[in-house]
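These protein sequence lines are chains V and S, in that order. Per our numbering, residue 522 is the first one in the first sequence, and the count goes up by one each step. Per our numbering, residue 522 is the first one in the second sequence, and the count goes up by one each step.
Quick caveat, the hints were computed from the structure, so don't treat them as lab data. In this text the structure is predicted, and so the values were computed from the model without any measurement. Mixed in with the good hints, there may be bad ones.
No copy labels: a pair is met if it fits in one copy or bridges any two.
Heads up, simulated BS3-like pairs for lysine-lysine below, C-alpha to C-alpha not over 25 Å straight-line [what the hints assert, rightly or not]: (1) K910 <-> K880; (2) K647 <-> K610; (3) K910 <-> K874; (4) K647 <-> K809.
2 protein chains.
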Amino acid sequence: MFNIIELDNGLENVQGFFCGATNVGMRPDATQGDVAFIRSDTPCDISAVFTSNTFQAAPLKHFQKYPQGFQTDFILINAKNANAMTGEKGIEDIETIMSHLSTKQQVLNPIMSSTGVIGYRLPTDKICSAFDKLAFNAKNSDATACAIMTTDSFKKELAYKVDLANGSSFNIAAICKGAGMINPAMATMLCFITTDADVPKSDMHELLTASTEQSFNRISVDGDTSTNDTVMLLSNKSSGNYQKDAFSQALNKIMFELAMMILRDGEGANKLVTFEVKGAKTLEDAKKASMALSNSLLVKTALFGEDPNWGRIASTIGASGITCDDSTLTIHYDDLLIYSNEFRELDKAREDKAYAIMKQDAFKVSCDIGLGDETYVSYGCDLSYEYVKINAEYRT
Amino acid sequence: MFNIIELDNGLENVQGFFCGATNVGMRPDATQGDVAFIRSDTPCDISAVFTSNTFQAAPLKHFQKYPQGFQTDFILINAKNANAMTGEKGIEDIETIMSHLSTKQQVLNPIMSSTGVIGYRLPTDKICSAFDKLAFNAKNSDATACAIMTTDSFKKELAYKVDLANGSSFNIAAICKGAGMINPAMATMLCFITTDADVPKSDMHELLTASTEQSFNRISVDGDTSTNDTVMLLSNKSSGNYQKDAFSQALNKIMFELAMMILRDGEGANKLVTFEVKGAKTLEDAKKASMALSNSLLVKTALFGEDPNWGRIASTIGASGITCDDSTLTIHYDDLLIYSNEFRELDKAREDKAYAIMKQDAFKVSCDIGLGDETYVSYGCDLSYEYVKINAEYRT
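Could you build the full structure based on these sequences and the hints that come with them?
Next up, the structure:
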């Protein structure tokens, strides 16, 4: 038995970790940081999951130059510039910055992480100027979470204390960012998870990968997959305590809750919709149909219009290429049966109930294919004028 | 040698074909038809290509109940109701309508085609009331093309006369509709092509399939594939003239031009963008990347914002899962080099030129993967507030 208790704020709850941010002029609003750090006073094991985009950004390539199983005690993060599609120069810029950092602060295998516009060299001088301003012994999770935001409308941080049956405990905390370019198979999102649990290196990657599949890989804002997506788990073991099942559940929970925060903050999104596809012949079919629903423009605009048009749901399933049959299909909105072989035409009473369900901030669309036992759940949001506005104007 | 000459108007140019439309009250504006017909005074060979959506609408299933190689002389078309996801009842409704039709007009294996909202039974009485109002000897292509429109903002019809080297000639004409739910692998679109060319039955399907792949299968408005997509070619051979190469080119041309009309009329679209992907290792790679570009929300909103943000183009290619490398990739907007291994950062001069290109109604994004010889071209459009508005409000 164990208990997972939510704590106030974020990264400051984990023993031995420090974090903070400063503004070096990349972001016009000087009250919000644009360069941030997370560090541990002892070396950490690290596990990371990166974007499936072939064009991985320079910081991802820089990370992968370290030998397998390396330890680190420092992550530097910048906003406003993704350092992506910058070629060899992009990696050299990181090396320049890190060598400058090492003259100001003792660091072990420092890691860089970037988010922002693609295709421009990092302003290395500006970023290096942060090293005179950052308080390396700060524990300012709020400022750190704010500094890594791009189009996010709120900061995303969470921390849990996990009490184990033997009276011992450990902490896990995370910050993340992301609001657009969000797609299953990772997204324009950065997520940094710190823990003082004594998690063995051998468990870290297994648990991080499994939790990513259950969380960030199941959300979609716009079906686009970025060059910079990163989820990192750092453990400095300083609590000395660990229990695999408890840690796994705490990790699952923190990543799932952060994924839902990203979706709620989806660019221009007003609704969080769960797309459950069950009764599919294969898991691949269930996943394909569920993802097709969370990515369909016609479904997303119908959600925005609060239009109980199940025809778009059905059409999207039919177009997804899975094995399906309109006589075995049933569709529910929350608990309301909205389509089945017997009830094809939407009568006024059910339409009115459907309207009420769709007016909610969150609801579930559940489709039973009726041909098997496999289920997959993904999470999406509506598409509003605001999404178009944000993305038409993002860079300019 | 042969000449393809564009004619005024549409279907009335083809010998032996008649067409017209009437309003039976399905569409509120009584000046526009909602039921239309196309017929030939002699039996026609017919070839058809239907949607890849598993949930084919009732008229598509009704068509497929006729024996292979059947001939027809009558197509009945209605707007406002797709007769999709209506089950066996949907097919029975068509049979009821057709049996009523046969009491008013002699017909051979009549075909039905529908477009509109999914999930409602056809109003058979209303549709049958058309048979007292339609003038079956009319040649009113304009009214027919108008009657089949849904969210289209203009009617789509074209006709060519093809002069052959031996002094003989034949005609080919077509009408189509479509503005949303448009995706490669067909779209919510109906297209009816009539010809008096003496095209052998054995050539018809080969040529129609090839032309579909070069036209409607290469356009995308929103990445959604409908339940009703239909392209039909009817030939009554009445000119007695034919030459395969000439017919093939005329068919290609008429279908390509209509596909571009659909794209120009894409819901809320302001720009027609050609996405050429060349230098790919495999044709499948070229197609995958080209389609990914014409479907990406981030690319489409950047086009709407006239933002020369090549980062979104590159990121989409990288996310498409094809073999690619940022050091061999080059991107052009029309003739302007916008990205290459040497020119990664967009300088002011090139950015200004890029702005000017993007302000045009139509331009080309050309991506050379630099790893092979395969090329694929698809056609897309921008995504505007208007698309969201149209699709949030479509049914209500």
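Taking the hints in turn, this is what the structure says about them:
Proximity of K910 to K880 under the C-alpha cut-off of 25 Å is found in both arrangements, the shortest distances being 23 Å within a copy and 17 Å between copies. In this assembly of identical chains, K647 and K610 lie within 25 Å of each other by CA distance solely inside one copy; the values are 17 Å within and 69 Å between copies. For the homomeric pair K910 and K874, the shortest alpha-carbon distance between copies (23 Å) is at most 25 Å, but the shortest distance inside one copy (32 Å) is not. In this homomeric assembly, K647 and K809 never come within 25 Å of each other (Cα to Cα): the closest approach is 44 Å inside a single copy and 40 Å across copies.
Violation of the numbered hints given earlier is confined to hint 4; every other hint is satisfied by the structure.
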